[in-house]
Amino acid sequence: MSMPERALRQRLATAALAIASLVIAALALSAAPAVAQESPGLGVEATPEQVAAWSLTVLPDGTGLPPGSGTARTGEAIYAQKCLACHGAEGKDGPNDRLAGGHGTLADAAPVKTVGSYWPYATTVFDYIRRAMPFPQPQSLSSDEIYALTAYLLYINEIVGLDDRIDAQSLPSIEMPNAENFYWEYEPNSPGD
Amino acid sequence: MTADRDLLIPAAGNGLLHRRALLAAGATAGLVLLAPRPAAAQPPAVPPWSTTPGPPADGYGERSRFEEHVQRTANATAGAPGAGGSRTPLEQLEGIITPNALHFERHHNGVPDIDPAQHRLLIHGQVERPLLFDLESLSRYPLVSAIRFIECSGNSGNLNNPEPPQQSAGGLHGLVSCADWTGVPLGVLLDEAGVRPEARWIVAEGADAAAMSRSVPLEKALDDAVVALYQNGERLRPSNGYPMRLLLPGWEGNMNVKWLRRIQVTDQPAMTKDETSKYSDLGRDGRASLFTFPMQVKSVITSPSGGMTMQGAGLYQISGLAWSGEGRIRRVEISADGGASWAEAALTEPVLSKALTRFRLPWRWNGGPAVLMSRAVDETGAVQPTRAALLAERGTSYRYHYHAIQSWAVTGEGAISNVYA
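Protein sequence lines, in the order shown, are assigned to chains A and B. Residues in the first sequence are numbered from 1 upward in steps of one, following our numbering. Residues in the second sequence are numbered from 194 upward in steps of one, following our numbering.
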């Protein structure tokens with residue numbers, strides 16, 4: 001889908017959402033009077049510091065990426081120390097998920113789904129390492145370490161070079177090899193939803 | 194008795210009888226039960242529990258020690274024991290409610306031991322006011338209750354294998370359970386935070402060591418999503434999200450994020466690992482679909498089923514479960530002759546939207562070979578497909594959302610096994 005086309009769809013979707021919201025509100029009032037009670041309003045406003053401390057999510061456009069940077073060259077040593085035991089040398093043949101290779105196998109009887117052959121967004125690599133890895137010590141890595149490991153996983157999949165600097169600006173612009181082979185079964189507020 | 198017997202009229206091939214027979218009192222008197230026969234304590238013997246005072250009432254109940262064999266079947270990932278789960282023993286349960294201790298589990302890095310006093314739910318992102326809630330404050334909101342199933346989208350996945358796996362009904366299909374969930378409508382909390390007009394999605398995240406995270410359309414979040422605090426009347430079990438989880442009725446299991454601690458309102462999906470690398474559906478052409486949210490119409494016969502042994506020719510009651518993430522079950526049909534003929538099963542009330550539905554049908558087993566199948570239809574008219582049709586459409590790399598008709602073969606000796614028929 002071209003960008004203007006997407007922008008147009010988005011505007012149409014916004015209009016549809018407004019109508020849908022009115023319909024939903026009307027249905028809620030008519031069908032479920034028992035639930036249509038006022039909120040007691042007990043939420044406590046969170047400070048920007050509180051929100052920042054818990055915000056792990058990185059969006060595909062790079063929203064949520066922290067300051068810092070790394071390269072595959074520095075990531076290789078961190079990988080050897082913290083990742084290799086589970087994921088194997090160069091992301092292959094470890095006891096847990098394979099991370100590299102498998103390019104061109106997705107239509108085979110036994111597809112090999114890796115970061116390089118399957119994952120549609122590079123930002124997901126940073127997001128997932130930061131929230132969940134290493135498996136025995138999640139949320140223990142610094143932002144520089146996470147950028148470096150992200151660079152290394154992209155490097156062993158031949159997506160970036162050994163000394164390419166990966167940071168909040170460069171990561172969202174990386175095009176993953178399999179990105180075009182995903183389609184959405186759900187589009188927000190498109191006609192018929 | 195004679196009148197009841199008259200109701201046992203054939204409804205389809207190989208001994209299936211009309212479902213009306215179940216409605217007649219006494220018609221089940223001849224049923225052979227698939228359970229061990231009692232060995233003693235028959236008259237004239239007087240059993241010891243009738244002549245000795247029992248223990249007094251206690252604070253939190255235990256099941257009979259004779260039922261301790263009823264267990265979930267667990268599996269774990271090598272080197273990562275917390276990344277695994279356990280399956281509900283469907284064939285050992287009746288009705289539609291899964292007891293809390295037997296609700297299926299799927300964890301991505303173990304079960305966190307959360308102190309509710311220190312747990313918070315943060316709602317932020319594209320809202321007017323980022324808000325924090327704790328368990329105590331949420332418990333003061335107007336609560337809603339609903340009986341809903343939750344099914345892992347990987348349930349039944351090994352039925353893609355070329356050879357039929359030999360497991361019980363629960364071993365094959367036990368990543369589905371059903372409970373009475375009570376909590377706060379998520380829309381109430383989102384309204385309080387003030388969702389901005391550009392918002393289209395929420396990103397839900399757990400407080401576990403995997404910080405499990407999924408993107409959910411705002412449309413669903415404002416429709417029937419609930420921040421669940423209670424499961425079958427008591428607080429959630431730790432393995433099911435204590436102290437709070439997201440409930441998204443009918444949608445794939447891991448979107449019902451457990452140990453819910455954060456909801457970020459966004460204009461785009463986050464494309465988390467668990468909605469791209471996992472829980473996406475790879476088709477036979479090498480292309481993959483994202484956001485296949487609803488679990489499709491499905492059913493399984495839980496008795497008789499794999500691993501059980503028939504107790505001789507005679508009258509049996511076929512019993513099973515049907516469900517659909519798209520709404521109510523409209524009809525379940527049963528075949529005893531491998532799909533050559535079908536009879537409509539009786540649906541046991543209540544028949545609820547996005548809940549397990551119990552179906553039953555009398556069957557006179559003649560002692561010969563039989564292939565039992567169930568086929569569900571939901572209120573949208575969607576029909577459970579055959580395995581051959583499902584695999585022809587998707588190929589075998591798809592893995593998730595397997596919902597084809599299950600076939601149990603019964604031999605002349607009464608052994609029951611899983612077959613591809």
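Derived by calculation from the structure, the hints in this document are not laboratory data. A few of these clues could be false.
[Unchecked claim] Computed footprint of chain B on chain A; a stretch qualifies when at least three of its residues, placed anywhere within it, have a C-beta under 8 Å from a C-beta of chain B:
id	stretch
1	41-54
2	69-79
3	115-123
4	128-138
5	157-170
[Claimed, not checked] Quick list of the computed label-pair ranges, beta carbon to beta carbon:
id	chain 1	residue 1	chain 2	residue 2	range
6	B	Asp416	A	Gln169	31 to 39 Å
7	B	Asp308	A	Ser140	15 to 23 Å
8	A	Glu45	B	Ala269	39 to 47 Å
9	A	Glu45	B	Asp308	49 to 57 Å
10	A	Asp93	B	Leu336	47 to 55 Å
11	B	Gln461	A	Asp93	34 to 42 Å
All of these numbers come straight from a predicted model, not from anything done at the bench. Ideal placement from N, C-alpha and C gives every residue a C-beta, glycine not left out.
- Query: Hint numbers the structure violates, sorted upward?
  - Reply: 2, 5, 9
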